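Protein chains in written order, with this note's numbering: chain R, 1 to 310; chain D, 311 to 425.
In short, the hints are calculated from the structure, not lab data. Do not take every clue at face value.
[What the hints assert, rightly or not] Pulled a few chain R residues facing chain D out of the computed Cβ check, cut under 10 Å:
1) G8
2) K90
3) L239
4) I240
5) E241
6) S242
7) P263
8) I268
9) S296
[Unchecked claim] A short, non-exhaustive set of chain R residues, derived as facing chain D with CB atoms under 7 Å:
10) Q74
11) H254
12) V258
13) T259
14) V264
None of these values were measured; they are calculated from a predicted model. Note that the Cβ used here is the ideal one computed from N, Cα and C, for glycine as well.
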Amino acid sequence: MMEKLPRGTSIGSMKASLPWVLTHTSRFAGIVIVTIQESHGFILIYLGKPLVYYFKHGANTLKGHAAYQYFESQPVLNFELMRYSVEEMKTAIALTSDLTRPPRPGSPEIPNLLQNGIPEITTTSLKTDLPVKSPPSSEAQVPELMNNEVITEIVENSIPETDETPEEPMVTDGITLGDYYEHYNHASPPDPPDVGELILGQILDVPGVQAVTIFRKGLNVLSFGDFNAEDLINMAEDLIESAKELSFVMRTGHFIQVTLQVPVGNIIIAPYYEEYICILTSPEINIGQIRKIIRSLPAIEPHATYNEEP
Amino acid sequence: MLNEVLGRFIILDGVSSATIIRDSGEVLYSRSITDFNNAELGAVISFVLAESRAIALKMGNEPINRVFVEFRDYLIITEPLKEHVYIVLVAKPGANVAQINMELKKNMDKLSTVS
Chain R
1 MMEKLPRGTS
11 IGSMKASLPW
21 VLTHTSRFAG
31 IVIVTIQESH
41 GFILIYLGKP
51 LVYYFKHGAN
61 TLKGHAAYQY
71 FESQPVLNFE
81 LMRYSVEEMK
91 TAIALTSDLT
101 RPPRPGSPEI
111 PNLLQNGIPE
121 ITTTSLKTDL
131 PVKSPPSSEA
141 QVPELMNNEV
151 ITEIVENSIP
161 ETDETPEEPM
171 VTDGITLGDY
181 YEHYNHASPP
191 DPPDVGELIL
201 GQILDVPGVQ
211 AVTIFRKGLN
221 VLSFGDFNAE
231 DLINMAEDLI
241 ESAKELSFVM
251 RTGHFIQVTL
261 QVPVGNIIIA
271 PYYEEYICIL
281 TSPEINIGQI
291 RKIIRSLPAI
301 EPHATYNEEP
Chain D
311 MLNEVLGRFI
321 ILDGVSSATI
331 IRDSGEVLYS
341 RSITDFNNAE
351 LGAVISFVLA
361 ESRAIALKMG
371 NEPINRVFVE
381 FRDYLIITEP
391 LKEHVYIVLV
401 AKPGANVAQI
411 NMELKKNMDK
421 LSTVS
């Protein structure tokens, strides 16, 4: 199955929980390649809507609900985001059309796989209560996501509203993935990514940026690049907390970032939404360029301690 | 003499204060055009330096070249002058950091004579 799917364009390899993946792909159209130990699977996503869940371990296969549950049971997933073009998305949807009805729990596949042993992540420091944002809507990740109503919703949301009469009437009843495929032909290209994603992309594009990790409350939420974030996260949080104490001494306004420069490179830490972003760079990087980008990061600081004038 | 050297920083556009501290937080010299409590500033910077050293140690016991903390209304630049002694410069966000760097480089020899 997986080898037949379009390759797409790699955005990066990361680590995060399934809820985090689902709540941070609202502007993403493509495939999330999931690797658990030596086995692989995928989630086909169109603008935050998971269309297909699939996981293969040896001769056993999990599809739909079962694969979803298995991914959800993992505290953290190793995955690679592969962005699809419209053509690639159409191909992927066509190739996965037999996965439109996810098997229900209790189907023969699940006990079979359980008996044969599902690989588990055995080495992780992440806790199962990884603090992630709640999904914006429950249907974004429920296993029944491929029923007719949800597919209809996907199609309706995918096709831009227009004053012009569409060439084909919209199918709203008994719709299948094939129908969705047809309608996808008329869908506008995916919306541009939101500000945070754009800025994160800008940071990753700066020459000299070696790794980026996003963390919160001592937990690594997402990592780009070859970087053992676990070791640094707690110390990085302590550094931020002590730096923010300066706002009690002076009327500083809100905290933007702290940069530690050492001969081997720089560590830049800044608020990023409700989390923090930590950027590792080579020593010769243009710090001013990073500063400029960081100043436009969306930040909702956890435990913000400001001392501002009224 | 060091007070005179520090004065060269506070005449730079956007620079509010220049202070020399020990890593314990003790203030050795200071020139300022604002009403910051320098003793408190030194104390907090000493904590920032301690946390920075912990990270630098993790990265292979690297020496700290600079700690740069940025807030909406201020930048705080901390650089080592010699073992256990640092200069702390407070500036507005619009200050010319390149100019501050140049002044630091120009005066590093004199600043390093602090005892």
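Hints versus structure:
1. G8: 35 Å, violated
2. K90: Not OK, violated: R/K90 not within 10 Å of chain D, min 46 Å.
3. L239: Since chain D brings a Cβ to about 4 Å from R/L239, closer than 10 Å, the hint holds.
4. I240: 9 Å, holds
5. E241: 8 Å, holds
6. S242: 4 Å, holds
7. P263: It holds, given that the least Cβ distance between R/P263 and chain D is near 6 Å, below 10 Å.
8. I268: 9 Å, holds
9. S296: 13 Å, violated
10. Q74: 28 Å, violated
11. H254: Holds, because the Cβ-Cβ distance from R/H254 to chain D comes to roughly 5 Å (cut-off 7 Å).
12. V258: 5 Å, holds
13. T259: 4 Å, holds
14. V264: Status holds, d = 6 Å.
When the structure is compared with the earlier hints, violations turn up for hints 1, 2, 9, 10 and for no others.
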